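Chains A and B are the protein sequences, given in the same order.
Read in order, the letters of the first sequence correspond to residues 1 to 388 in the working numbering.
Read in order, the letters of the second sequence correspond to residues 1001 to 1388 in the working numbering.
None of these hints come from the bench; they were simulated from the model.
Predicted, not measured: the structure shown is a model, and the values here were computed from it.
Keep in mind that a hint or two might mislead.
[Unchecked claim] To give an idea of the chain A side of the interface with chain B (calculated C-beta under 10 Å), a few residues:
hint, residue
1, 57
2, 78
3, 80
4, 317
5, 374
6, 379
[To be verified] In silico negatives: residues of chain B with every beta carbon more than 12 Å from chain A:
hint, residue
7, 1061
8, 1065
9, 1100
10, 1142
11, 1159
12, 1269
13, 1276
[What the hints assert, rightly or not] What follows is a set of in silico ranges between Cβ atoms, one per label pair, in the way DEER data are often shown:
hint, chain 1, residue 1, chain 2, residue 2, range
14, A, 334, B, 1346, 20 to 30 Å
15, A, 318, B, 1083, 27 to 37 Å
16, A, 153, B, 1127, 55 to 65 Å
17, A, 279, B, 1137, 54 to 64 Å
18, B, 1210, A, 130, 57 to 67 Å
Just so it is clear, CB atoms sit at the ideal spot from N, CA and C, and this is done for glycine as well.
There are 2 protein chains.
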Amino acid sequence: MSVTTPAGFRAAGMAAGLKASGGPDLAIVINDGPTRTGAAVFTSNRAQANPIRWSRQALTHSDGEVRAIVLNSGGANCFTGQFGYETSALTASETAVLLGTEAATIQVCSTGLIGEGGEAFRTAILTALPLLVEAASPEGGLAAANAILTTDTHAKTTSYTSPQGWSIGGMAKGAGMLAPGLATMLVVLTTDAALTAGECDHALRAATAVTFDRLDSDGAMSTNDQVTLLASGASGVTPKEGDFEAALADVCSDLALQLLGDAEGASHNIAITVSGAASVADAVEVGRSIARNNLFKTAIFGNDPNWGRVLAAIGTTRAAFDPDNVDVTINGVRVCSKGGPDRPRGLVDLTPREVSLDINLFTGGESATIWTNDLTHDYVHENSAYSS
Amino acid sequence: MSVTTPAGFRAAGMAAGLKASGGPDLAIVINDGPTRTGAAVFTSNRAQANPIRWSRQALTHSDGEVRAIVLNSGGANCFTGQFGYETSALTASETAVLLGTEAATIQVCSTGLIGEGGEAFRTAILTALPLLVEAASPEGGLAAANAILTTDTHAKTTSYTSPQGWSIGGMAKGAGMLAPGLATMLVVLTTDAALTAGECDHALRAATAVTFDRLDSDGAMSTNDQVTLLASGASGVTPKEGDFEAALADVCSDLALQLLGDAEGASHNIAITVSGAASVADAVEVGRSIARNNLFKTAIFGNDPNWGRVLAAIGTTRAAFDPDNVDVTINGVRVCSKGGPDRPRGLVDLTPREVSLDINLFTGGESATIWTNDLTHDYVHENSAYSS
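Generate the whole structure from the sequences, applying the supplied hints.
This is the structure:
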């Protein structure tokens, strides 16, 4: 179960010398067709890394044709100036030469420390590329997944096989900086279903909107996020209408929850479900405001069902709500009803890793779930020491 | 140097039994005139505590006349329903009877845990009020300042005396949840200058806009914040135009920096100055986005000048800027110039508690400073254990 589960794909991962640890840091996923349609969504951060700048324009120029995607850890190649942009462009053009195609059909992703991406970085990647392409095989999915990790503790992969005979594979990295609009999250999805580039784009946007976009581990939005879908058509099957979209959303949800489970230093996975909202936008805004509230997040770390902090967070939003008519339920215990204390907070058991926080706004019929983590000593430790 | 420094004021603080610790938890500041003008600014959180609801309408009904302000720690009286509102109203009316005035001239503030404010809370306050008023004296400023503390490690007071003969005194509490729009921050300012209620309101709004409103310790906005100014006119002096406004802003700045210095678990005070901005609003938005970025805040805790996280935070704003033309200077060392690496990050010494982060956006001539803290193990510890 990886990006090479669907037919028509080869992948590889290797150590190119980008990471001081000597660990694997360069990956490729190659689409051998027969079709090579693709789609991608990019970080909405206005400070965008050089690989994002490259990949966005390349996808436009190729009209949605994607032959391969090259990904590196060990350096974000962000705020590295014109030299850094040329490194992303050279990575694409060298890969294109090796595969006998156009540079515009090569997507490039990087992750690691911002500001890293100088001469040594470029040389290491360009030197390794021929070996990487040579190594690519239908068994290389897991090696690729391992080569894109940074502070992740393990590789994240998934797959789905349809009764119709087509399948979807995926890999993801990201263990911090997860936030709306995507966040240092690199995801590659592959399928052997027969899809046009437009169908890929439509399905990818629909799936990410309700999965990765609703993951908000620490509110910090990355400069390097990219989620890419590659379709080979190798199964020869065109999915029934709606089937592919539904399966892709499931695959994305699976990877999103794997990312959440491996978020830096987290000790709880928190599903914040806002129901009774006047609109989905209201539900999402309320969920995010809670997910980003450090006081709520530290309370959950301390196994403290401090529902006052939930209401204080809701109060900072523009969502339709009446502070005197809000219910808050934590792990099944309604601790606040009609904006006042309900059942004793001592009844709430917060020792399990999984936490459900359910808010009812009583202003409509819409709902949304936002996933986040608690704020822990380990989060502070990992992120205070990251670049040193 | 306290709220009783200006002539015409009495104050007191006492233990009313609200805090389990038995520490002082109830305070009063009484304006003996001859004038009793006042003004207040309240939290912009839409979830507002009962004392905020009371005080806001009382100030409107009294046309800016404020005879006294009663403040308690040991319970926020927020999300405590109609009973809680009546407790605030009863606190005001009982105080009014004791002082021979109208309830609408009594401001009420509470701080502590949300959801706390039941029968025992009300009884404790109402029982203590006669003793509190009896104890009020021109020497009671420090006792009042001590009685409003929660997780603060020490009382915050200040004063200023004008060459013209009028003075300003102040006290503040707040050691967490400091955020824009004010946040569990209770501040009382007194003056014996002769001012109308309109002049008080104008000066208070101008001063808080550039001081308390630019303090963003942890991005969490409280339900209970209030900053109140009381003017007695006891000096008989009407300040020269502009003098009072300037002095009040200085006094507020002094208290704001005292709050910052005592923020929960912080190990660095960070002054984020954004210059070269197209507007003050842009400068404030950029400053806040950095101040609220947990990755930046943990990096400073780790003495790590990780400027990439600064640029990633700027990228999430709507401010006018060009990612390829931004300078970032940390403690005097320009580590990023024109959106790329400049001087080595190793030159930055982050061991002092005071940190200056200077951003130049090169898009205009406006600037603003936002004050924040780092995100530390102690912050997580204090806030994970607060209500348990």
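Evaluated hints:
Interface restraint check for residue 57 (chain A): the shortest CB-CB distance to chain B comes to about 16 Å, outside 10 Å, so the restraint is violated. Hint on residue 78 (chain A) holds. Least Cβ distance to chain B is approximately 7 Å, under the 10 Å limit. Proximity of residue 80 (chain A) to chain B holds as hinted, the smallest CB-CB distance being about 6 Å (cut-off 10 Å). The restraint placing residue 317 (chain A) at the interface with chain B holds, with a minimum CB-CB distance near 8 Å, inside the 10 Å limit.
Among the interface hints, the one on residue 374 (chain A) holds; its C-beta lies about 8 Å from the nearest C-beta in chain B, closer than the 10 Å criterion. For residue 379 (chain A), the interface hint holds, since its Cβ comes within 10 Å of a Cβ in chain B; the closest pair sits about 7 Å apart. At roughly 22 Å, the least C-beta separation between residue 1061 (chain B) and chain A is larger than 12 Å, which holds for a residue marked as non-interface. Residue-level check passed: residue 1065 (chain B) sits 28 Å from the nearest beta carbon of chain A, beyond 12 Å.
For residue 1100 (chain B), the non-interface assignment is confirmed: its Cβ lies about 34 Å from the closest Cβ of chain A, beyond the 12 Å cut-off. The beta carbon of residue 1142 (chain B) sits about 29 Å from the closest Cβ of chain A, which is more than 12 Å, so the claim that it is off the interface holds. Distance to chain A confirms residue 1159 (chain B) as a non-interface residue, since its nearest Cβ pair spans about 32 Å, more than 12 Å. Non-interface status of residue 1269 (chain B) relative to chain A is upheld: no Cβ of that chain comes within 12 Å, the nearest being about 17 Å off.
Residue placement check: residue 1276 (chain B) keeps its beta carbon more than 12 Å from all beta carbons of chain A (closest about 16 Å). Look at residue 334 (chain A) against residue 1346 (chain B): about 53 Å separates their beta carbons, and that is not inside 20 to 30 Å. In this structure the hint that residue 318 (chain A) and residue 1083 (chain B) lie 27 to 37 Å apart at CB holds, the actual value being about 29 Å. For residue 153 (chain A) and residue 1127 (chain B), the hinted distance range of 55 to 65 Å is satisfied, since their beta carbons lie about 56 Å from each other.
Between residue 279 (chain A) and residue 1137 (chain B) the CB atoms are about 55 Å apart, so this pair conforms to the stated range of 54 to 64 Å. The supplied range of 57 to 67 Å is met by residue 1210 (chain B) and residue 130 (chain A), whose beta-carbon atoms lie about 60 Å from each other.
The structure fails to meet hints 1, 14 from the earlier list, while all remaining hints are met.
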